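Student: The lines below spell out each chain.
Number of protein chains: 4
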Amino acid sequence: MNGVPVIRIRGYHTDLYGHVNNARYLEFLEEGRWRLFEDFLDLDGWMKRGFSFFVVNINIHYKRSIELHETIEIHSGILRYGNKSAVLRQKIFLQGTDILCAEADVTFVVIGKETSGALPITGEIRERLSPLPMAS
Amino acid sequence: MNGVPVIRIRGYHTDLYGHVNNARYLEFLEEGRWRLFEDFLDLDGWMKRGFSFFVVNINIHYKRSIELHETIEIHSGILRYGNKSAVLRQKIFLQGTDILCAEADVTFVVIGKETSGALPITGEIRERLSPLPMAS
Amino acid sequence: MNGVPVIRIRGYHTDLYGHVNNARYLEFLEEGRWRLFEDFLDLDGWMKRGFSFFVVNINIHYKRSIELHETIEIHSGILRYGNKSAVLRQKIFLQGTDILCAEADVTFVVIGKETSGALPITGEIRERLSPLPMAS
Amino acid sequence: MNGVPVIRIRGYHTDLYGHVNNARYLEFLEEGRWRLFEDFLDLDGWMKRGFSFFVVNINIHYKRSIELHETIEIHSGILRYGNKSAVLRQKIFLQGTDILCAEADVTFVVIGKETSGALPITGEIRERLSPLPMAS
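Chains as they are written, first to last, in the working numbering: chain X, 1 to 136; chain S, 137 to 272; chain L, 273 to 408; chain B, 409 to 544.
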């Protein structure tokens, strides 16, 4: 499915309780964002223009432990656009179910090569982001 | 300093931008919580009673990139106690400065060995947690 | 392809040089072993009998840096069986090419639930391992 | 102690067996190398000259599981110099004991900024490395 990576949980993902460690969830979310951007955006064009994403806030709710040998899928979509930031909502489900393991709102800004600070999410940047699906 | 781990940033902490990767911050926060609990709580007694901490939410603001060869310190304290959860505030500073790299509120619950679900933060549990410093 | 996981390199896999960090290769190798065992062995039966794998040596040659956005595949096969250990050879290639990024020999032993120390790779254990492909 | 980092094992270091995961050992070895180089070499001068280290082989023997709440120390020293490479021996002990958890030989080469391929370990480079202690 476009923009939805699937990951099978291995020993190296888990910690002493046999559960996926808190920090690993953020790698899963990053995987979800890369996949989303790859599948929906012109990522090459984006990078050639010198734009990059910079995450400024992650608010993650851990809903259910994820365990060895389980398989998850990561769904991502835009929750809202602000003036100089945007918020992605990302949800981790057990594969093929509506069992929600974690839900996170990830706020990012766009940085240019020459300027410092966040660029307004308008004009070219807003247009380049427009193919991203909205959060369901 | 009691409850304040110090970490020097190495290559394996950073990602392609030469910055500490988002997920690593959560390992640093976990390090901070272990150190806090070790230094202020009777962790052996806690575990013998069958109690364990379970993180249900992390809300982290990334304020400033952390780079190779920089040294950070992680400060942690209780922000507030709720009925069945408590919130720790954790701050990552450049060592010996007030330059704030990240600030996170971490909500945890206490789980018992025999019951399922979060235990009330009252009585014995509240007492065992009482040596924890409040967030400054 | 059976027993051959494919991984696309993301920011969180890389370190300050923009290359996959040395330690991450070992996660890729672990991913390769899980996939190999899942696809060729009766892993449920293996665990029900109380057997587990324990890695005692990894000898890894780093041949070529792996970079962001590259895609790799991990090939694994038995190199040889010893009396109380066996050696897997694992190779990491750029996907669909014969460009070798790393080659590792991984020596493992089999541990039982009740005995301590490595079990002989004979009888039932040897038979359970026999579906594993030999290294090419 | 100079060149000998000390690490306390936390939940995020361990995997489902309650043991430190194989890949984490390589982060501990990297920590050991950074500490060694920082404490014994003129690392700033080294980088200003455009030299960098590149690991080409790690051969690690896992001798004993490392578990939650244990504390380790990492000892490193030069085993031998070759023409275009050098080998560091690194040992992970339980802190303050001679209980050996892992032993690794790490072969590295030196890369310059302008040339491709490994530089000879002679002249200026050999001299700059000479303060490193030999493996005991």
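No lab work stands behind these hints: they were computed from the structure.
These numbers come from a predicted model, not from an experiment.
Heads up, the beta-carbon is just placed ideally off N, CA and C, and yes, glycines get one too.
One or more of the hints may lead you astray.
[Unchecked claim] Taking lysine to any residue pairs in the SDA-like style, the calculated list, with each CA pair at most 20 Å apart, reads:
1) L:K335 with L:K385
2) S:K249 with X:E67
3) B:K471 with L:L391
4) B:K471 with B:Q503
5) X:K113 with S:T233
6) L:K385 with B:H427
7) B:K492 with B:S473
8) B:K471 with L:Y289
9) B:K471 with L:V328
10) X:K63 with S:K199
11) S:K220 with X:G112
12) L:K385 with B:S473
13) B:K456 with L:G368
14) S:K199 with X:V55
15) L:K385 with L:I397
16) S:K199 with X:I7
[Claimed, not checked] Far from chain X by the CB rule (all over 10 Å, computed), these chain L residues:
17) E339
18) L366
19) E399
20) L401
21) M406
22) A407
Student: Could you tell me which of the hints above the structure violates, numbers in ascending order?
Tutor: 1, 5, 7, 8, 10, 11, 13 and 16
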